[in-house]
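Asks: These are the residues of each chain, in order.
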Amino acid sequence: MSHANISIAVQPEPFDTGEMYHQLSQCTPSPGAVVTFTGLVRDLDNDKNIIALELEHYPGMTEKSLQTIAQQAASKWPIQAISLVHRIGHLEAGHPIVAVGVASAHRVAAFNACEFIMDYLKNDAPFWKKEIRTDGEQWVASKQSDVAAKQRWQD
Amino acid sequence: MITVLFFASLRDQLGSDKQLINIESLAQFIASNATPTEAFNSDQLIAFLCQNNPNWQSVFSEQKLFIAVNQEIVQAPCPIADGDEVAFFPPVTGG
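Residue numbers (the numbering used here), protein chains in the order written: chain B, 1 to 155; chain R, 156 to 250.
Derived by calculation from the structure, the hints in this document are not laboratory data. Predicted, not measured: the structure shown is a model, and the values here were computed from it. Be aware that a few hints might be false.
To be verified - If you only want the chain R side, here are some residues facing chain B, beta carbon under 7 Å, derived:
1) ALA163
2) SER164
3) VAL214
4) GLN226
5) ALA231
6) THR248
Glycine included, each C-beta is placed from N, C-alpha and C at the ideal position.
Starting from the given sequences, assemble the full structure and let the hints guide the process.
Replies: This is the structure we're talking about:
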């Protein structure tokens, strides 16, 4: 539906959502709406103390998968630009993992596309989290609520 | 040569992150177990991998796994050709 400018980054380094917003707000024609979402490492999960997360990914497929998801969003709504950053490697509790930003003429498209991208990323992008806790290490299990979140876009 | 990759908890359970499979070995294995066929599929690949590593059978059968061929998710069973990169992994948990 739209020829959106799509920027994808998979990196161990922290990112700057202020810079992401600045880039998105600068696209032409100037957007009427910019929506950004940031996902962070939660400090506590079911009373177990999470010290850090290890984020594994599938190099090569990860970038392709995120590009596909962003393009799907751009084909569903009138979007001017999408920016997506996902960190990998060692992440401390309380720190950001992922950011999604969308610029469009009006807010409905930006809100919808941002949520769509996160719901699809949670189901389709090849990342795996391992919790580093005070009592040992454990791979995080996928959630049925994430599967349901993706399915509602398909009804 | 088929490159088989295992990620995350699956890799830990199997004790392997990568297997290189010679297409002739796979063909021989399939010919000895069924009528010879020109094309191979992911179920046959799993059977071949488990033949060499018997404790892998329960790992593959007792959980939901995803398959990607040449870095695209596919539905199993899917065709496998010489030169393919085939990845097996548990449900993803990014974001």
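Asks: Against the earlier hints, flag every one the structure doesn't satisfy and list their numbers going up.
Replies: 3, 5
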